[in-house]
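Participant: Single-letter residue listing:
Protein chains: 2
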Amino acid sequence: MKFELTILGCGSAVPTVQRNSAAQVLNVQGRLFLIDCGEGTQQQLRRFKVPYTRINHVFISHLHGDHFFGLAGLLSSFSLQGRRADLHVYADERLQGIIDFLSRAMHSRPRYPLHFHPIGRDAQLLHEDKALTVHSFPLLHRADAPSSGFLFAERPRPRHVRREMTDAFRVPVAFMHRLKQGEDFVTPDGEVIANERLTTPAPAPRSYAYLTDTLFHPDHAEYCKGVDLLYHEATYGDDLARLARETFHSTAGEAARLALLAGAGRLLLGHFSSRYPDPSCLLEQARLVFPDTRLCEDGAVFELPAARREL
Amino acid sequence: MKFELTILGCGSAVPTVQRNSAAQVLNVQGRLFLIDCGEGTQQQLRRFKVPYTRINHVFISHLHGDHFFGLAGLLSSFSLQGRRADLHVYADERLQGIIDFLSRAMHSRPRYPLHFHPIGRDAQLLHEDKALTVHSFPLLHRADAPSSGFLFAERPRPRHVRREMTDAFRVPVAFMHRLKQGEDFVTPDGEVIANERLTTPAPAPRSYAYLTDTLFHPDHAEYCKGVDLLYHEATYGDDLARLARETFHSTAGEAARLALLAGAGRLLLGHFSSRYPDPSCLLEQARLVFPDTRLCEDGAVFELPAARREL
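Taken in order, these protein sequences are the chains called A and B.
Just so we're aligned: the first sequence equals residues 62 to 372 in our numbering.
Just so we're aligned: the second sequence equals residues 62 to 372 in our numbering.
Just to be clear, a hint being listed does not mean it is correct.
Unchecked claim - In silico contact screen, one side only, chain A against chain B (beta carbon under 8 angstroms); selected entries:
#1 V78
#2 R107
#3 S138
None of these hints come from the bench; they were simulated from the model.
A quick note: this is a predicted structure, and the numbers were derived from the prediction, not measured.
Glycine included, every Cβ here is placed at the ideal spot set by N, Cα and C.
All chains, please: the whole structure from these sequences, using the hints.
Facilitator: Here's what the structure looks like:
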């Protein structure tokens, strides 16, 4: 039951040799979600041995090239490799126009069902299945390239039945579904058996939030309260706060403040300006505010283990 | 006086970890020419330390993604890095429409003069300057993505004056220009001094031809007769000649036949199908026909030294 994030690129506007353009893959219980798709993403997927043909959902934060210039190549490779499965792309609605225009100009349509889903400026549910929900929410970036954050949240899973206890209390099979949902059991004699005696908690649902490119704003914390893992862009150090504001980006300290406000479990920093060959100064700045902070690097994997919920 | 080719990517339709999509840089006497620009080209330019801001001319063979999906990112990075110099792109005219549409959708125009030059279906002169000429010529690829080959040919350079001889024969300074062009000198007494006594030959002009993606056709040799360095796609081995024909590509043996027909100095093979993690079998097949054949690999550099012409 994986919940694992692989960083494919953590660079910013101009990629460097160390850091490719923005892209990540989140693996939630075997479902692969691609988040942003900068130029070279398909190469990074191969380099880091991600089974990328299983990606069925792609989320694009905004229409700056370092976040989507790799999409055309990925869509094309899927066709060439005989993909048949549906692919869902969630993005600014202009992206559909771009891909359509390109397909027409190249006389080449994807050979699999490709579905575009426009992301609006209000928070919205983009995707849900049995395992998780994905919401988008508005960030604060340039007006001509409005940016969206994403929250990936596992659904609560059913509690585990303690077979020896349900046998002892003769809980009928027909009641098991309700038992797993947390209901108490009432015996034919009217005795109430507390659910906690008959079950153990399921692993706590895990969550991941992705916030790039954006100015810092405390309201953003409302969209990712209590998130386990928070990725927040930290394009600049705190000494360049003014440049960050001018370019609609955040500093490392601001990323940490957002993590603190959200009550996040762990903070990941990325989208580093190419002026930081070694971004460890950004880590130091963030840790002053939010100690459990890590730096992204291309190929890094961050896993959230399926910890048991406290009894 | 460099004449140096750097391979940025020698893969085919789908890039692999070892081989990026098609792109090369030719350095002719310090002028940098980019030939094709598959996804990830800007990253490869940085990886192989090419001073790519000096690229002023880009030649795109045809509109398949593995030959131009890196162009949007490169154009964008030029803007972000403050480029002011003119950039010339030579390509199928549809490429201008694609870049224009993308710019409009992204509300982002290049901040430097960007000139598109359509490549026609007849052989034509695309570019010339004091050092060289660049011609395009038609290849045989899919009808919806017609492909062009390119020939880069240095202009003949003036002969070198042998100062001790011109002093001895009292050749006037005003005559030096004609002397460098190969004229004999006539003394005031009417004596004819052969040019060969007064000058040494200039280095022979060097040339490079790039042929991808294409079916083999003997006529293609006419466009690159006597070329020093010939790059010819060799997507498949000779055992897959039928697949090569079906997909409008060439085999290694066919590439070698073209080199032989053209009287090329050296043959480079590239555009290898991803089915060849090690393409050395293609090298063996080609060398049976044309011994001086080399395999491309990403990052490889092939230099043509400025050899003196035979006396």
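Participant: Please go over all the hints and tell whether each is borne out by the structure.
Facilitator: Hints, verified against the model:
1. For A:V78, the shortest C-beta to C-beta distance to chain B is roughly 5 angstroms, which falls under 8 angstroms, so the interface hint holds.
2. Interface hint status for A:R107: upheld, as the beta-carbon distance to the closest one in chain B is roughly 5 angstroms, under 8 angstroms.
3. Of the supplied interface hints, the one on A:S138 holds, with its beta-carbon coming within about 5 angstroms of a beta-carbon of chain B, less than 8 angstroms.
The structure meets every hint from the earlier list without exception.
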